[in-house]
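Novice: Line by line, the protein sequences are chains A and B.
Sequential numbering of the first sequence, starting at 1, is according to the working numbering.
Sequential numbering of the second sequence, starting at 1, is according to the working numbering.
Check the hints yourself; a few may be wrong.
Claimed, not checked - Straight-line C-alpha distance at most 27 Å; calculated DSS-like pairs for lysine-lysine:
hint	chain 1	residue 1	chain 2	residue 2
1	B	Lys194	B	Lys154
2	A	Lys260	B	Lys5
3	A	Lys233	A	Lys260
4	B	Lys5	B	Lys24
5	A	Lys210	A	Lys260
6	A	Lys210	B	Lys30
Simulated from the structure, these hints should not be mistaken for laboratory data.
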Amino acid sequence: MSAAQSAPAAETTYREAVKQAIRDAMIRDPRVFLMGEDVGRYGGCYAVSKGLIEEFGPDRIRDTPLSESGFTGAGVGAALAGMRPIVELMTVNFSLLALDQILNNAATIRHMSGGQFGVPLVIRMATGAGRQLAAQHSHSLEGWYAHIPGIRVLAPATVEDARGMLWTALEDPDPVLIFENVMLYNMAGPLAADAGAVDIGKAAVRRQGKDVSLVTYGGSLWKTLDAAAALAKDGIEAEVIDLRSLRPLDDATIMASVGKTRRAVIVDEGWRTGSLAAEISARIMEQCFWSLDAPVGRVCSAEVPIPYPKHLEEASIPQTPQIVAAARATLGR
Amino acid sequence: MGLFKMPSLGADMEAGKLTEWMVKPGDRVKRGDIVAVVETQKGAIEIEVFQDGTVQSLLIEPGATVPVGTPMAEIAGAGEAATPTAAPPPAVPEPTTAPSPPVAPAPVVPAGAERRVSPAARALAGERGLDLTGIAGTGPEGAIVHADIEAALKGAAPTTPKQSAPKQPAPKPAAGFDFGAMRTAIAAAMARSKREIPHYYLEHSIDMTAALAWLGRTNESRPPADRLLAGAMLIKAVAIALKRFPEFNGFYEDGQFRPGESVHLGVAIAIRGGGLVAPAIHDTDTLSLDDVMAALRDLTARVRAGRFRGSELSDPTITVSSLGERGVEALYAVIYPPQVAIIGMGSIVERPSVVDGKVAPRAVVTATLSADHRVSDGHRGALLLRKIDDLLQEPEAL
Numbered sequence: 001m002s003a004a005q006s007a008p009a010a011e012t013t014y015r016e017a018v019k020q021a022i023r024d025a026m027i028r029d030p031r032v033f034l035m036g037e038d039v040g041r042y043g044g045c046y047a048v049s050k051g052l053i054e055e056f057g058p059d060r061i062r063d064t065p066l067s068e069s070g071f072t073g074a075g076v077g078a079a080l081a082g083m084r085p086i087v088e089l090m091t092v093n094f095s096l097l098a099l100d101q102i103l104n105n106a107a108t109i110r111h112m113s114g115g116q117f118g119v120p121l122v123i124r125m126a127t128g129a130g131r132q133l134a135a136q137h138s139h140s141l142e143g144w145y146a147h148i149p150g151i152r153v154l155a156p157a158t159v160e161d162a163r164g165m166l167w168t169a170l171e172d173p174d175p176v177l178i179f180e181n182v183m184l185y186n187m188a189g190p191l192a193a194d195a196g197a198v199d200i201g202k203a204a205v206r207r208q209g210k211d212v213s214l215v216t217y218g219g220s221l222w223k224t225l226d227a228a229a230a231l232a233k234d235g236i237e238a239e240v241i242d243l244r245s246l247r248p249l250d251d252a253t254i255m256a257s258v259g260k261t262r263r264a265v266i267v268d269e270g271w272r273t274g275s276l277a278a279e280i281s282a283r284i285m286e287q288c289f290w291s292l293d294a295p296v297g298r299v300c301s302a303e304v305p306i307p308y309p310k311h312l313e314e315a316s317i318p319q320t321p322q323i324v325a326a327a328r329a330t331l332g333r
Numbered sequence: 001m002g003l004f005k006m007p008s009l010g011a012d013m014e015a016g017k018l019t020e021w022m023v024k025p026g027d028r029v030k031r032g033d034i035v036a037v038v039e040t041q042k043g044a045i046e047i048e049v050f051q052d053g054t055v056q057s058l059l060i061e062p063g064a065t066v067p068v069g070t071p072m073a074e075i076a077g078a079g080e081a082a083t084p085t086a087a088p089p090p091a092v093p094e095p096t097t098a099p100s101p102p103v104a105p106a107p108v109v110p111a112g113a114e115r116r117v118s119p120a121a122r123a124l125a126g127e128r129g130l131d132l133t134g135i136a137g138t139g140p141e142g143a144i145v146h147a148d149i150e151a152a153l154k155g156a157a158p159t160t161p162k163q164s165a166p167k168q169p170a171p172k173p174a175a176g177f178d179f180g181a182m183r184t185a186i187a188a189a190m191a192r193s194k195r196e197i198p199h200y201y202l203e204h205s206i207d208m209t210a211a212l213a214w215l216g217r218t219n220e221s222r223p224p225a226d227r228l229l230a231g232a233m234l235i236k237a238v239a240i241a242l243k244r245f246p247e248f249n250g251f252y253e254d255g256q257f258r259p260g261e262s263v264h265l266g267v268a269i270a271i272r273g274g275g276l277v278a279p280a281i282h283d284t285d286t287l288s289l290d291d292v293m294a295a296l297r298d299l300t301a302r303v304r305a306g307r308f309r310g311s312e313l314s315d316p317t318i319t320v321s322s323l324g325e326r327g328v329e330a331l332y333a334v335i336y337p338p339q340v341a342i343i344g345m346g347s348i349v350e351r352p353s354v355v356d357g358k359v360a361p362r363a364v365v366t367a368t369l370s371a372d373h374r375v376s377d378g379h380r381g382a383l384l385l386r387k388i389d390d391l392l393q394e395p396e397a398l
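With these hints in hand, go ahead and build the complete structure from the sequences.
Specialist: In structure tokens, the structure reads:
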């Protein structure tokens, strides 16, 4: 589990890391099965589950009809009945069809049954813009899910987290949503041969710095790290925090960083209004106000449906130069 | 109630350091009175007040460096009742209105001043009992941030390492020049000029024989202290000529030319030890030659002592740079923005000239004009130099 004890690392794609996480879970626990649109014979719309139906058979790698509410509800039922289902929703935009099952059933049953029933369900879905899939496939709505009590929301941004978060999520007695940014699937990074489950409760400091805290998650992490590198050339040492868990938020890590740097910029691919960035900003105000040297900055998506043309799509979501500018603004530079 | 603010004493000035108050609360002041001495990159400058009234309170302590526009004193207008120095009592809120916002903790911000102080800076200053007056901010929009308070507690502001701690009494300004800062200011102004102003240059030799002959006769009967210098004649001639050529007298700002209302001719004065300033002789065209000479003497003496008035420094409408006796024949000057012209006068030298068909020795000065081509054209520039020449041929009329 700890990187320090890892075996030699091999370059692995994020896609492969997710697949290995599913394989590992299927092998370790016979109650685990994968269910979703095109996950079986087609191998998953992002090719994450390619080959798994040959290895585990159609009972455990289940193709479903185009009925998000129906098969997510089936997942809730299976979890209630003692299984450990992994439901794959093709994209977060389509997950809205399953929102009733997620919010009204999965997230509430423990409460409404007085603790008699839990829903140990994991729902994976793709999120984010950048693949020119236009306004019905490209949004980042994970912030909406982070609003819901009763579920846990994860956003693995690294190969290690893509590999390690699933098993920990399956062990959780309550529903866990995992958001995989579509731009990360092809990203490769070193992954230890014996990489396994990781903690899902803590944010990670991905780069140390003393001048400004850049708080982000998912696909924006890499743009933010690029921004930190650019800022370093101007002598500005930015600290980069990868939230990893969007619900619950790891306030302790965020506040420790902001308390040190006195400045914060939140980078969030969601729309600005009512966003996760807004929530984090409010928490910083509540907990760190007397440590601040500048207003908290936000870099979010433009408040438009994500456009199809490449240049407009790029312009609509957070990019490195905006992050650099927002960080500099907190320093008055 | 008026606020006396840190004035801008030039396009390149961002902040000034108060070295001395010349007034105290209760003093009556009228427009034009010198109320403070401020040290800038160009030296210690006497600052005038622009309204009549009574000094109500001083908001800045000597030694403090504050940005341009920062309120420095409150001045009650004539007829306005002078209230106690304390802030006016807050109005009693109407019972129906929302509760007043929570009062900020300890640190005192001067009344009327919109100082931005970060929460972190406020908390630290409150904890350590530090008065925020006079602390320069280095954060966003000039806000005082945590590091500024830390620096003030250590006794040195981060941006101005040589500044004394705010609470200490300010030392009397010495000569008042920070040569390094002045060089920086000149560099900024000259680089801006060459970057933004499309200069054109004209040159013209002016026969000074008649002028010098008149000068010799005039000075003969005068004690040395009252004698005129050729430089005063050159300045006066330029000032008179400018009345006919307003496009060389004024400022180019925000994409357009604004003619000067009067001729405030700036005189470039070199400073011993390096650098120069070009303060104005106000209304140069209306002064007699004797008055111009007196003004020139006074200005030179005060510049060398490092003391001149803010308005003298900030409002020249054109500049004359004169090399005097120890110079060379010609100089091609760089315009001081936002002015639109500068006239260079070389040393007066004796040269062979053709007069009435014969070669004869004549006293000659080379006058050059550097002008902003966005505002004027060479033809008018040439006429300006010709006009100066004509005026100098009739020195008794100057």
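Novice: For each hint, tell me whether it holds in the structure or not.
Specialist: So, going through the hints one by one against the coordinates:
Of the supplied pair hints, the one linking Lys194 (chain B) and Lys154 (chain B) is violated, its CA atoms being roughly 41 Å apart against a limit of 27 Å. For the hint linking Lys260 (chain A) to Lys5 (chain B), the alpha-carbon distance of about 36 Å lies beyond 27 Å, and the restraint is violated. A threshold of 27 Å between alpha carbons decides the hint, and for Lys233 (chain A) with Lys260 (chain A) the separation of about 21 Å falls inside it, so the pair holds. A distance of roughly 16 Å separates the Cα atoms of Lys5 (chain B) and Lys24 (chain B); the hinted pair therefore holds under the 27 Å criterion.
This hinted pair checks out: Lys210 (chain A) and Lys260 (chain A) have alpha carbons roughly 7 Å apart, not beyond 27 Å. With a C-alpha separation of about 51 Å, the suggested pairing of Lys210 (chain A) with Lys30 (chain B) is violated against the 27 Å cut-off.
Of the numbered hints stated above, those contradicted by the structure are hints 1, 2 and 6, listed in ascending order.
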